[in-house]
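Q: Respectively, the protein sequence lines represent chains H and P. The first sequence runs -12 to 489 under my numbering. The second sequence runs 390 to 1077 under my numbering.
Rather than coming from a laboratory, the hints here were simulated on the basis of the structure. Heads up, a few of these hints could be off.
[What the hints assert, rightly or not] When the alpha-carbon atoms are kept at most 25 Å apart in a straight line, the in silico DSS-like pairs for lysine-lysine are as follows:
hint : chain 1 : residue 1 : chain 2 : residue 2
1    : P       : K567      : H       : K439
2    : P       : K949      : P       : K798
3    : P       : K946      : P       : K863
4    : H       : K432      : P       : K567
5    : P       : K567      : H       : K357
6    : H       : K436      : P       : K567
7    : H       : K287      : P       : K567
8    : P       : K903      : P       : K798
No experiment lies behind these values; they were computed from the predicted model shown.
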Amino acid sequence: MNLSFSILSWVTFTPVLGVLVLLFLPKDRRNLLRWVAVLTSMVAFGLSLVMLAQFDQTNASLQMVERLPWFQLAGMQIEYFLGVDGLSVLLVLLTTFLTPISIISTWSAVEERVKEFLIFFLLLEVGMVGVFLSQDIFLFYIFWEFTLVPMYFLIGIWGGPRRVYAAIKFFLYTMAGSILMLLAILWLGITFESFSVPDLIAQGGIPGSVQTWLFLAFAAAFAIKVPMWPLHSWLPDAHVEAPTAGSVILAGVLLKMGTYGFLRFNLPLFPEASIRFAPWMALLAVIGIIYGAAVAYAQKDVKMLVAYSSVSHLGFVVLGLFALNPLGIQGGILQMINHGLSTGALFLIVGMIYERRHTREMDDFGGLWKVMPIYGALTLIVTLSSMGLPGLNGFVGEFSILLGAFGSEAIGSPIYAGIAAAGVIMAAIYMLYMFQKLFLGPLDKDENKVVKDINLREILTLVPLVVFIFWIGLYPKPFFNLIGPSVDKLVALLQAASVAVH
Amino acid sequence: MVLLEVVQGGGFFAYAPLIIALPILGLITNIIFGRRLGERFAGIVASGAVALAFVIAILQFLALQAHPEGVTIPIAEWISVGSLSIPWAIKVDTLSTTMMLMVTGVSTLIHIYAIGYMHEDVRFQGDPGRYARFFIFFNLFVAAMMVLVSADNYLMMFVGWEGVGLCSYLLIGFWYEKGEDGIGNAVAGKKAFVTNRIGDFGFLIAMFLIFGAVGSLQFDQVFHWVHEHGLANVGVISVATLFLLLGATGKSAQLPLFVWLPDAMAGPTPVSALIHAATMVTAGIYMIARSAPLFEVAQSTANLVAWVGAVTALFAATIAVGQFDIKRVLAYSTISQLGFMMAAVGIGAYVAGMFHLVAHAFFKALLFLSAGSVIQGVEHGHHHIEHGDGEPFEPQDMRNMGGLRSRMKVTYWVYLIGALALAGLPPLAGFFSKDEILADANMENMGVYILLAAAAFLTAFYMGRQILMVFFGKARSEAAAHATENPPVMTIPLMALAALAIFGGALNLPGVHKLTDWLAHTIEHVHATEFNVLVAGLSVLFALIAIGFSWLLYGRKTMKEGDPDPLRKILGPIFVGMENKWWVDELYDFLIIRPYVAISWFLADVVDWRFWHDWFHDSVLGSAYRNGSRWLAWVFDLRVIDGIGNGLGNITSWGSQRLRVLQTGYVRNYALAVLVGGVLVLSYFIFG
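In isolation and in its complexed conformation, chain P is listed as follows (with noise of 0.2 Å):
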């Protein structure tokens, strides 16, 4: 009884600052006692304060229940300056919560899992001591997270933006002496922020924009003035939603800025479920489906967030159809279904985005934390087998891999399950979320309507193409002939996000639109999208015959160990490209990184020190200088020294003792005169 009055008065809302709090907690108690009391006591402070994290999301997703409209929980001022009023304050509403209870919740699977991960990968990599730092940084993201999506104004959002970005850098330079040349780890770490940087410019940009149009940065009052006189200003608002977009696609890793993500694979592989893949690089879509009322005015931009996400679903999925790496693979189908949201968003469908959003984040958090397991244990078997000839050996190459199904039993089934749900094959999560994104796109734009189907086409393909040369067939190599299954601080998460892959769809169940009617307290003109028997009945269709194909090319004859991949010899240069990743970052290393460096260097040695610091300032103003000077020293000489009496000069010998190796001459009688001025200043009020 007590409960239920708690609940309808809203009285958990009033815990809602602790789902920031407990990670901060957490991260300091391991930044205190993490090393000192071991790896249990780390992993397990890291994970009950995501644990009870999760809890309050609950409680918050309870108090909604009857209050859907939300609230605004002030914690503390911010920054008041001038015009300028920003809170620290913490918005509760459907779609906060939908997010904090998504975050949280894979987060806590992913925090147990890596208990496991990091046991291992610790002592692979050769340094133990570092396991309490990966759940510092672990926790951190996790509070990083939960400012970003509980912000009631855009500045916290930011706040929240960059910190998870920190976090990013941090964990995929983790291992930070490896990778190639040692240094491989590092440098993608930072390529993750700098490129992020580029977006968080266009945010910052689309903030002074906003604000000057409107006076503030809160949610409510932006929103309140794009309803009172957003018709008005629909220039400002569509260049403030442009550079909002160019924000989101580098968090979201969008063209054309999704360069980072896949190199962020170097970080261990909790790391790229977690932030990676289900949840840090969904802000972007978030921050769109935040902003619905701006993008609601701005059609043009909303229509090339459109066009952008499904060009980058099309664009992604061809590489990832040409890539060998276990990680990359799920990295490229990553963006690819990022841009399935993004496209979804853009044409309005903002429950479908955030639908797939959450369905995406349980099978592919599932796809990469099973995709660890496979690596571990491949890594195993590695280290089962004798090997003295010290040839280099990539655990996460696909070539090297091959009928794992036999040996990694609980691995395989899970993996199969998200590898079917990321398809879209029914009854599965992906099915559903992904059919609501194409049924809205088949009324509202047949462009982007193609340009996803041709997407999921391919991302069924991939997906097959995965799991045979993972699971099927014979090994094809002696590490995967004795890999080994990991233990169940491993799988049992496993085992839960599979689970939540299978089910997930219930969450929008067409006909019943469950999370249609729960996000439309807060987003408003959200429809519910009817269930298009004709379009989910091609998807189905497309996805069986993309497995098909799969199975005609990998599964009918497996490939042996050092064959070549079977469809590079049907599509020819087509497959060099998807394998080079269309050269996209040879290309921006040729127009944007060696010209910046090239700048860089000229202005500093040839302008900046050459020219400017040698020439102009050592010769042609030094002779200048001198004779100045000078000319300084005997007037001051004349006027200042000549009237202070030589008593004082004791005080200073020393000093000019000491200078006469300087050999500057007159420079230094001026100065000592400045200085015995300045001493008889203070013995005048001392002593006066």
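Okay, chain H solo, but in the shape it has when bound (with noise of 0.2 Å):
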């Protein structure tokens, strides 16, 4: 056994230590295999940190490199090679933080097949601390295959009533993006000769012309798994359908890694091609915020109502994204951070309350905050960082983004971010709505009256989401810092490419 491991090979294959030993015990003690899986996903979280006490936050480049010849495919080299910077830093953590969290949700959630249920859970953090680490691209492609295939068995066997056809919309509907990916891939590979990041940015030239097809070969797998509209057909399907832990996971970072996808690749990868599509990005991306916040006030499920709500949230990451220029980048990827918490959290609410009555209608609900204040106020705080409230971390994200995407170059007209700033007044429309059907009014259905308050665990589940989601609202400063020198680096290689355009 080789132990000259760097630290994240550690963060990224950790939790394959937890499924070996969770492949051993028996599958009827379910409580301790809980625990592995907990303690598993704390340690690897326990690793992460330790990546960022590592990290040098002044440094813009990719740190704690490894990198390792690994095979040879029609005589290209493939590379084992990890590293981080500020693109990818938060996300890890990230996904290292929600892991535990969600995994802890399911301690009363999930009582079926628990041992199957946890090894798919952490093989799933395996795969997406791996796309957010990959340097090579072939690499990277493979856990972002990988992702799918746990979470494939997540939706499809612990799923609701119609979950076999969701796995499979999943499935085949990131799928179909990723083969386009794949044959951009494969096309830079031969082309020149490596699959490395770095060193493909570095040796640049990629023909305007050639950009535009590899942009949207690449575009249309990131863009599905974001998802922007109009390609989130597959997104109520799944959230619906999967558990509320694959629900949190899903919200909370499979979905960044369609955003992280642009910012890793698109972004540098073919600058000029992005300075060319950031309008139209711009425009998909508004037409998303309002879009998604409209239908979100229409739905009658709460899951439903969440996961369009994420159409919209995600819609301003994309537009930030685009802005291409430091204050709507690094909002982005600020939001990417906000989005995942809190909507990772509404998911666990909603967990809780299907858990207690096994509906997530709005209409079977009503003046829960009396019976339950405990919940009510945490869903309420969870509530007003998800609509942007400033004071709490979504509107950190929103500001940066839309100042970014106001004085956009590239966007080229104030009028995206404009219109982008009613999706806030629509955010209030739809999530107010959401926590007066839930909370407020009077307590008129029976079977509402008896239901109990959350418990210690469940608190436990929701208390670190909000302690964070009040750092970033009110001291994003340590986040910015980490994020700051790869994104001017990103900034500088995009501007050097617009003189070129010009």
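Take the two lone chains and join them into the complex the hints point to.
A: Here is the structure:
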């Protein structure tokens, strides 16, 4: 056994150790299995904190790099190449942070096939962290596809009534985009004889017309994952059918793989195409913001509402990234984290009430604040965070994004940001509507009168998220410090390309 | 001696952050202990925290005597991204300190009043456990308001701006299971928040524009830039100020966004007094006064501000005439008075606007709290009598009152003082502050002056009508006949506010101009308004005539139980319009709300679900996907699965057993292939 692993491999593959332990444990010792999974994911989180401690926030380049030749594919060298920089460090932390919380949330929600569930969950973590750390596009692609598998099973086995349909749709839909990306990856590898992202960036020199096609091929995969309007049709199905923990990870992390993909690959590899496409991406983003917010308001199922709110929120992220300036991109990255925290928390919240009432129809509730005051107060905070109340995390991201997009040369018009800002009004409409339907009004249904407030375990899953909701809202400096230098480097690259375009 | 040195050295400025921290400390204490340690504890902690904040505000006032130019006290960095750098920093100057003093002072009195009021209210509404929560929200409001007024940049101001909106939302819906259909209060809260968000959208766009032009959102830097480059950038400044005006119309309930404020009366009465009369709703005025350098340059916007204010003042006053709910009369009166202030800042009379803002805070808080006293008095009376018939009783309807003068003596006298101050009779506070606005309008803009003078006439009339309907004549219900006065914890704050309503005019007496001199340290180009004897005389004459009219209609022959409003006969359809608030809510419902809901449903149901989800994806793409995946699975089956030994199959066998039920065929194979591939990769690194 080779113990000369560096920290990034440890962060990525520690969950595999947990999987190995789980494999040898009896399947009916459910609590033992759960403890093993939780502890494993906690260790992974601890290791990611070690990574954070070693992270040099003044350094814009990749850090803690591990680079080994792996295998040859048709003569092309594929490398095992991990590295972390400002673009990915927070996303890695978000993943390792949300995983233990999600696992704890399943304590009483998942009672069947606990062992398999936990194994898939830990494998999912491996895939997600791998996606954020891979610096070889082929390795990235393997992790990218790998995440589909555990998620497919999580939805397909532990999901709701239409789980099989939702799982297949999720799988096929996301795969369809990935195939185009795979072709683009292979083209890059064949042409430049390297799959290494930094090498490809340094080499540059992809002609403008080719950039267009490569940009579109990558964008196909990422836009579906985000999902950007109008490619969002898989999302409500997947969310509604997925078990709570699956939804948390899906919304919290998996969607960010799409926006991260734009950030890591499209922007630096195809800067000229990015500049050219920026207004179009902004247009789709703004449509998504407005459309998602309008559609969310008309939902009857809480989970559907939150799912469509993600379409709206992720629109903000894309708008920020394609502002192509430091404000927009830093805001976009922070907003990925913010959305992971607040929407993750919202799905936890929906799961808690679903466990008690076995319904998610908003008409079945009303007046819950009276019987569930702690739950009500925590939900209120998360709701406010999600609708971008200043002082909480969502506002910091949204404001930076909108300010960046408003003055963006690449997007070319403040109209986009102006319309997107109207989405802030609409967010208040659907989020407050949800809060009202669940918590306010008279407590007039007998089933709701006997519902118990959330227990200590459930409080413990929400409180860490709420802490970050306040922290990022009031003092986001440490987070921006991590992101800043790498974004500046990326923007410098884009500016050089901009000179070339004009 | 030491104290003097501290004052002169500006040492007290260092305590400024406490003005935000103390209410927060209070609310945290109440979150932890409030429910356990009981009502008295919760009320005293909350009131004490605000009272201490008031002390801090006084310290700032003292420190400013020696350093009237003020200071900025940085607390921490907040957002620094790219070219944006926003700190948490407190600006102590004469303008912000005026607001600090007024807000914390009035808040302290209202907090004390609420100790008594909420004690009754939680019992009347049937949930005593919610007592502490009220004070938690109340303290949060004061903290947010302090952030708003003490901010040294637009973005931090916006934090307080939306923060007070949140508290307003929470407190309007405090009895969230009450109101029309059990949901009315919650809906009113939501309406307030969403309407305010429309204004906040304007505030946001204004900030984008200002940042785009200046590269900063800090007041000092923005205003410095305006001095240097303002005249060359009138266009952008005009647009930015227009959006600021939109923000102000939301928060300060002006046309066209005023509709939330009357509904906000669903909140407990101390909330109406503090948030929806004295403090929060004045934020828009404060913001425009703070932005004076911008509006000085953008004269066209400033002009619009004046007209919006003047039209709102008259429009809301007409509605107030036709209301029967004691609090709704006051609510429309508040909108109208905010219109006066708006008109003042629009014509550049910032001092007059701020003067009226402070004076109005005194007498309108007084009026609301007295109205609360009346309502609880009537509720007492209602409880006192037997009522087995279960007929719904409206304790806020003035038609159910009458003759309360003798049953609630203290309340009557303080109410009368508040009403006369609002009507603008000398020497009460409202006379001086309103007259200063009228005198300025008379010089600057005749149209605005006429509208305001008409509004002032109606103000005196509807207050006369209210006083006569509530306190004079005979009781028009059993409840009113048995009404009782409230305890001193409520009446003493009323007396304190009454004193302020009487003497508040001293702040800026003609010829002395204390407030003018004070604010001149912060706002440039302020001028002392000459006392205009003609304007003042006309105002007083109008007010007296209006009160005389009200006496003719409501006083000479008092209303009996079941009598229609005498004005209805005289004005006919006009009164119906006033009573129905000129159908503005219905208009908005028709023009905005229904279309929004309909479009949302159409997009969600028809476009997104039936067309895009069911038809296009499931029907059209579905078959294409199936065929495509079949082909892919075939390719991968050959390449990947065959290449892998069967030995690893055992590990995944349980997974495939489970999945037989899924009947998904080829997809499963592909999925497993990737899984197995992944395991291989892992084992290579672990064991390789």
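Q: For this structure, which hints from the list above don't hold up?
A: Number 8 only.
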